[in-house]
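Whole structure, please, built from the sequences with the hints as guidance.
Residue numbers (our numbering), protein chains in the order written: chain D, 1 to 108; chain S, 1 to 454.
Okay, derived cross-link-like pairs now, DSS-like style, lysine-lysine, Cα gap no bigger than 30 Å in a straight line:
(1) S:Lys51 - D:Lys17
(2) S:Lys426 - S:Lys47
(3) S:Lys47 - D:Lys91
(4) S:Lys75 - S:Lys3
(5) D:Lys17 - S:Lys59
(6) D:Lys46 - S:Lys341
Calculated from the structure, these hints are not laboratory results.
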Amino acid sequence: MARVQLRHIAQARSGDKGNTVNIALFAPTTEIYDVFLKEVTAERVKEHFTGMVEGEVTRYLVPNLKAMNFVCRGALGGGGSRTLRVDNLGKCYGSNLMRMEIELGRHG
Amino acid sequence: MKKIRIGAGQGFYGDSIMPAIETAKRGGVQYICFDCLAELTLAILQKDRNKDPSKGYAKDISTTMRELLPYVKEKGLKILTNAGGMNPLGAQQETLRIAAELGIEGLKVAVVTGDDVIDKLQDWDRQGIPLNHMEDGRSIESIRDHIVFANAYVGMGPIVKALQQEADIVITGRTTDSALFLAPLVYEFGWQPDDWGRLAQGILMGHLMECSGQAAGGNFSGDWQSVEDLHNIGFPVAEVQEDGEFVLTKTEGTGGLVSVDTVKEQLLYEIHDPSSYTTPDVVLDVSEVQLQDAGANQVRVTGARGSQRPDTLKVVMGYSDGWLGQGICGYSWPDALAKVKAADRIIRKQIERIGLQYEEIRTDYLGYNSLHGPLATEPADDLNEVYLRIAVRTRSKTQAEKLGRLFPPLMLSGPPALGGFLGMMKPRELLGMWSCLVPREIVEDGLQVTVAEV
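Laid out in C-alpha cells, this is it:
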C-alpha cells in the first residue's frame with residue numbers, strides 16, 4: 001500500500017468565473033484514474049479546502065481524458081475584482097489540490 | 001479539402017504582442033484573433049472611458065495595429081479582436097489613425113456595437129424582464145444603484161456579418177472569446193447556424209486558443225521544466241478542415257510545447273459541466289473529445305458534440321463594492337516569520353486605535369502562506385525572509401488610504417530588519433460581478449455592424 005501526494009502523479013489547472021473556481025485534475029493512466037474515482041471525491045476536495053471554499057463542490061467526470069473537474073462555489077472571497085485574496089484569480093487552486101494524499105495500492 | 005489556419009494573438013489585455021508578430025510573419029495563417037477581455041477588464045476600461053470619452057478600449061490595440069497592419073496588406077491577413085471593450089468605435093478610430101500614420105490604404109475596418117446594455121436596464125426592468133443573479137437567484141435590487149457597467153456576451157453573428165462585408169479588421173466589444181475564432185470558419189466554410197456538431201468543433205478550437213500561451217506550454221502543471229524557450233513562446237495556431245476537425249500547432253522555430261498534455265489542461269479551463277458548456281452559438285459537450293498526438297507540436301482534436309444554442313444571452317455587470325487598502329513590507333532572517341506576525345499585531349492594534357473602519361481584514365505572509373492560505377504547511381526551516389501583507393475592504397476610499405500610512409513607522413519602531421517596503425499603495429475600487437440571463441433577441445435587436453474604409 002502506498003500513500004502518494006497528487007503532485008507526483010497528477011496534472012491540475014484551475015481558473016475562475018465570478019466567485020467560482022474550477023480545478024481540472026488529470027490522471028496519467030486508467031488504473032490511477034480508477035483510484036482517483038474512489039479517493040478524490042467531491043466531499044474530500046471540499047474538506048481539503050476548508051477555510052478557502054465556502055460553497056458546494058461538484059465533481060464532473062471526463063473518463064475520455066482521464067480527467068475530473070471540480071467546480072467550487074464561493075471560492076474567491078467574492079470574485080477576482082472584489083476579493084482581498086492574493087491569489088485573486090484562483091490560479092493556485094490546482095497546485096493546492098496537489099497537496100492531497102491518496103492511497104494508491106489499496107484498490108489493487 | 002479546404003483548410004483555414006487561424007492564430008491566437010492575445011489571451012488578455014496586457015499580453016505579449018511578440019508571438020502574434022511571429023505568427024503573422026511565418027505562421028501561414030489567414031486570421032489572427034485577439035481576446036483582450038477577461039471578466040474584470042471591462043471595469044478597467046469603463047474607468048478609462050469615464051476619464052476620457054475617446055478612451056475605454058484596450059489600449060494595446062495601438063501596438064497590435066502598428067505591428068500587424070503591414071501584414072494585413074502584404075498577406076491578406078485578417079484581424080479579429082474584442083479590444084473595443086467599452087468603446088469599440090473609439091478603437092476603430094484609433095485603428096484608422098494608425099493606418100493613416102503608416103500610409104496604408106484600401107483597408108476595411110468593421111466595428112460591432114450593441115453589447116453595452118447599461119442604458120437598457122431600466123427599460124428591461126419596466127418590461128418585467130428579470131435580472132436576478134443566474135447562480136443564486138438574488139434580486140438585482142441590492143446592487144442596482146452601484147452598477148458600473150453591463151455588457152452582454154454576444155456570439156458570432158455580427159462578426160460573420162462583418163466578414164461578409166469584406167472587413168479586413170473586425171473590432172468588437174464583449175463578444176465571447178471563442179466566437180472570435182468561430183466566426184472565420186462559419187464565414188469561410190459556410191457552416192449553417194444550426195450545424196451544431198461543426199459549430200461545437202469551432203467553439204472548442206476557440207476555447208483552446210483564447211488563452212494564448214496556456215495551450216502552448218504556458219502555465220503547464222505537468223513537466224513544465226522541460227518546456228523549452230518560453231521567452232519565445234509560440235501562441236497556438238489551428239489548422240481547421242471544412243468538417244470541423246482541426247490540428248492545434250504553433251509556428252515553427254518558436255518556444256513552448258503543444259502536446260496532448262498541455263492541450264488537455266486548457267480543454268477544461270474555466271469550464272464547469274464538461275457536457276454542457278453554454279455559448280451564444282452552440283452548447284458544447286467536450287466529454288467525448290479525442291486529443292491525438294499528430295507529430296511534434298501537433299495535436300489533432302476531434303469529437304466535440306454540440307446541441308442547440310440557448311434562447312438567452314448572458315449579461316455581466318460590474319458593481320462597486322467598496323475599496324481595497326493594503327500595505328506590504330518584508331522582514332529578514334532570523335525569525336522572519338515571528339517578525340511579520342509581530343508586525344501584524346502592531347498594525348492591527350493601531351487600526352483599532354485610529355478607528356479605521358473596515359468590513360473585512362486579511363493578513364497574508366508572502367513567502368509562506370499568501371497563495372495557499374490555511375493549507376500552507378509550517379516551514380521546516382527558519383525562512384530567509386517573509387513579507388507581510390495586510391489588506392482591508394472599506395466602504396470609503398478615505399478609510400482604505402489610512403492603512404498604508406501605518407506601515408512606514410514599522411521601520412524604526414517595529415521588529416528588526418525590515419526591507420522591501422513597497423511604498424504607499426493607492427486604494428483600489430473593488431467590483432462585484434453580477435451575471436444574469438436575458439432573452440437573446442432583446443440584445444441582438446440592438447447589435448450593429450459599421451464598416452469604415454481608408
